[in-house]
Amino acid sequence: MFDPQKIKHDFPIFKRRINGKPIVYLDSTATSLKPRSVIDKENEYYTKYTANIFRGIYTLSEEATAEYEAVRVKVARFIGATNADEVVFTRNTTESINLVAASIGKTLEKGDEVVVSVMEHHSNFVPWQQRAQKKNVTFKVWDPREKLETIITRRTKVLALTAVSNVLGTINPVKKIVRIVKTINPQCIVVVDAAQAIPHMKVDVKEWGADCVAFSSHKMLGPTGVGVLWGKMELLENLSPYQYGGEMISEVYVEKTLFKKPPYKFEAGTPHIAGVIGLGAAIDYLKKLGMDNVRQHEMKIVAYALEQLKLVEGVTIYGPKERCGVIAFTMKGAHAHDIAQILNEDNICIRSGNHCAMPLHTHLGIPATARASFYIYTTKEDVDSLMNGLEKVKNKFL
Amino acid sequence: MDIYRELILDHYKHPRNFGHLENPDVTQEEGNVTCGDKISMEVQLSTVNSQLSIRDVRFSGEGCAISQASASMLTEKVIGMSIKNIMKLATEDILKMLGTSLAPSRIKCAMLSLEVLQKAIITYGR
Numbered sequence: 000m001f002d003p004q005k006i007k008h009d010f011p012i013f014k015r016r017i018n019g020k021p022i023v024y025l026d027s028t029a030t031s032l033k034p035r036s037v038i039d040k041e042n043e044y045y046t047k048y049t050a051n052i053f054r055g056i057y058t059l060s061e062e063a064t065a066e067y068e069a070v071r072v073k074v075a076r077f078i079g080a081t082n083a084d085e086v087v088f089t090r091n092t093t094e095s096i097n098l099v100a101a102s103i104g105k106t107l108e109k110g111d112e113v114v115v116s117v118m119e120h121h122s123n124f125v126p127w128q129q130r131a132q133k134k135n136v137t138f139k140v141w142d143p144r145e146k147l148e149t150i151i152t153r154r155t156k157v158l159a160l161t162a163v164s165n166v167l168g169t170i171n172p173v174k175k176i177v178r179i180v181k182t183i184n185p186q187c188i189v190v191v192d193a194a195q196a197i198p199h200m201k202v203d204v205k206e207w208g209a210d211c212v213a214f215s216s217h218k219m220l221g222p223t224g225v226g227v228l229w230g231k232m233e234l235l236e237n238l239s240p241y242q243y244g245g246e247m248i249s250e251v252y253v254e255k256t257l258f259k260k261p262p263y264k265f266e267a268g269t270p271h272i273a274g275v276i277g278l279g280a281a282i283d284y285l286k287k288l289g290m291d292n293v294r295q296h297e298m299k300i301v302a303y304a305l306e307q308l309k310l311v312e313g314v315t316i317y318g319p320k321e322r323c324g325v326i327a328f329t330m331k332g333a334h335a336h337d338i339a340q341i342l343n344e345d346n347i348c349i350r351s352g353n354h355c356a357m358p359l360h361t362h363l364g365i366p367a368t369a370r371a372s373f374y375i376y377t378t379k380e381d382v383d384s385l386m387n388g389l390e391k392v393k394n395k396f397l
Numbered sequence: 000m001d002i003y004r005e006l007i008l009d010h011y012k013h014p015r016n017f018g019h020l021e022n023p024d025v026t027q028e029e030g031n032v033t034c035g036d037k038i039s040m041e042v043q044l045s046t047v048n049s050q051l052s053i054r055d056v057r058f059s060g061e062g063c064a065i066s067q068a069s070a071s072m073l074t075e076k077v078i079g080m081s082i083k084n085i086m087k088l089a090t091e092d093i094l095k096m097l098g099t100s101l102a103p104s105r106i107k108c109a110m111l112s113l114e115v116l117q118k119a120i121i122t123y124g125r
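Chains as they are written, first to last, in numbering that gives the first Met the number 0: chain A, 0 to 397; chain B, 0 to 125.
Errors might be hidden in some of the hints.
[As the list claims (entries may be wrong)] Label pairs and their in silico Cβ distance ranges: (1) 35/A to 86/B: 26 to 32 Å; (2) 288/A to 103/B: 34 to 40 Å; (3) 21/B to 390/A: 40 to 46 Å; (4) 135/A to 22/B: 42 to 48 Å; (5) 122/B to 294/A: 52 to 58 Å; (6) 133/A to 103/B: 31 to 37 Å; (7) 364/A to 22/B: 30 to 36 Å; (8) 4/B to 76/A: 54 to 60 Å; (9) 103/B to 135/A: 39 to 45 Å; (10) 108/A to 20/B: 31 to 37 Å.
Rather than coming from a laboratory, the hints here were simulated on the basis of the structure.
Keep in mind it's a predicted model, so treat the numbers as computed, not measured.
By construction, the Cβ of each residue, glycine as well, lies at the ideal position given by its N, Cα and C atoms.
All chains should be built: construct the whole structure from the sequences, respecting the hints.
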């Protein structure tokens with residue numbers, strides 16, 4: 000039985016009291032909380048086998064290397080990839096996308112087009128916008144309500160697409176979109192921001208058919224400072240390195256350098272070893288729960304929250320009924336910041352602002368929204384606390 | 000401390016000097032784009048006791064209670080004040096005016112109106 004109340008016991012932060020009150024954490028879309036097992040696993044590297052990886056011919060280094068590489072395999076299995084060498088460790092989703100954008104950006108030519116969806120997080124919007132501008136190629140923004148056929152052409156080099164909107168909670172039909180895009184233009188590279196998908200539902204990158212997929216450890220119970228770029232081997236082989244330095248080379252001469260094969264040619268310098276190892280424990284934790292159960296739980300919570308929110312006078316909800324565990328809303332007479340501030344009096348943590356999706360907010364014609372988001376440890380009682388908090392907001396502002 | 004004390008909510012719900020002047024000497028608008036706060040100030044100046052001072056001011060805009068109440072209270076505070084003294088106003092004066100303490104993330108909301116006013120004065124000086 001999936002019991003979020005029991006799950007809470009695995010997360011040490013829930014023991015914390017601020018002004019004597021417990022924490023109601025409704026901002027997992029920004030970052031998830033961390034279970035004890037992840038904290039312990041990261042700590043294990045620092046206490047038991049601290050050593051640089053790939054370098055030492057001694058036990059500590061070999062242990063650290065084995066732990067680090069085991070996570071690569073674990074990640075691959077978790078997302079349905081068959082080849083672990085297609086898994087590149089980065090700092091976060093943003094760096095994963097920048098890696099791809101920097102490399103593809105170099106190959107953009109006059110007449111090419113770059114397309115992003117209007118619901119992209121800035122991390123899958125700005126890198127493409129900037130590369131397109133630099134190379135003076137067409138930059139197009141796609142409203143997913145429009146037919147893809149009206150925007151993707153034979154000259155579209157890239158489609159940047161989020162799997163799940165971090166504001167609306169919309170779950171985009173990635174598989175279907177990729178299929179249509181590839182029918183129009185088989186050469187178009189589809190770059191999927193899966194930061195809000197991988198933590199919350201079962202994802203199979205092979206089934207999606209996209210060329211590369213980016214996500215972050217810290218949104219899926221893992222440590223901050225670790226991201227993943229999964230890419231089809233053929234694409235990774237053709238991408239030029241993003242950064243240069245140690246570990247990513249095979250031979251260096253005065254006149255030239257030979258690079259390692261993927262994924263190593265993209266992992267210059269000492270990586271966040273402890274963080275990657277911690278991510279392994281996060282995946283273990285999620286696998287034990289079962290991603291289908293995670294999704295089922297979130298569907299229940301988000302349905303309950305939507306139902307309750309609709310009863311609050313003056314609240315406008317954005318996004319579709321069928322969605323991931325995130326709800327952006329506005330309240331008549333109260334700015335999102337004021338809502339968040341008043342909720343904070345009861346340690347209810349929500350986000351307010353444009354959530355790094357300013358083009359989407361401009362598109363919706365609103366400067367800011369309040370956003371509550373849910374995860375495996377969110378209970379109905381947490382949602383009730385939010386509603387009580389919103390009553391307080393209403394009493395002050397309406 | 001209650002940030003949303005009565006005085007702040009009152010200024011937010013019933014802003015003073017809200018609207019437009021017929022013949023402003025200078026108009027300035029600024030915003031915190033990421034918050035969605037926006038303040039526009041229209042100012043009329045005159046010389047009082049050989050000091051250039053604010054004769055009248057109106058503001059308009061939208062945003063959170065802190066940014067809007069701060070603008071409303073500031074307009075009341077500065078009418079008749081010399082621009083020399085306005086340019087001296089700083090964060091602590093605004094917090095004192097609001098009568099509350101604020102987390103760093105909210106201080107920029109509170110400071111927006113003063114920034115706009117001081118920019119207006121600089122624009123006028125040019």
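Here is what the structure says about each hint:
{"no.": "1", "hint": "35/A to 86/B: 26 to 32 Å", "result": "violated (54 Å)"}
{"no.": "2", "hint": "288/A to 103/B: 34 to 40 Å", "result": "holds (37 Å)"}
{"no.": "3", "hint": "21/B to 390/A: 40 to 46 Å", "result": "holds (43 Å)"}
{"no.": "4", "hint": "135/A to 22/B: 42 to 48 Å", "result": "holds (46 Å)"}
{"no.": "5", "hint": "122/B to 294/A: 52 to 58 Å", "result": "holds (55 Å)"}
{"no.": "6", "hint": "133/A to 103/B: 31 to 37 Å", "result": "holds (35 Å)"}
{"no.": "7", "hint": "364/A to 22/B: 30 to 36 Å", "result": "holds (32 Å)"}
{"no.": "8", "hint": "4/B to 76/A: 54 to 60 Å", "result": "holds (55 Å)"}
{"no.": "9", "hint": "103/B to 135/A: 39 to 45 Å", "result": "holds (40 Å)"}
{"no.": "10", "hint": "108/A to 20/B: 31 to 37 Å", "result": "violated (54 Å)"}
Violation of the numbered hints given earlier is confined to hints 1 and 10; the remaining hints are satisfied by the structure.
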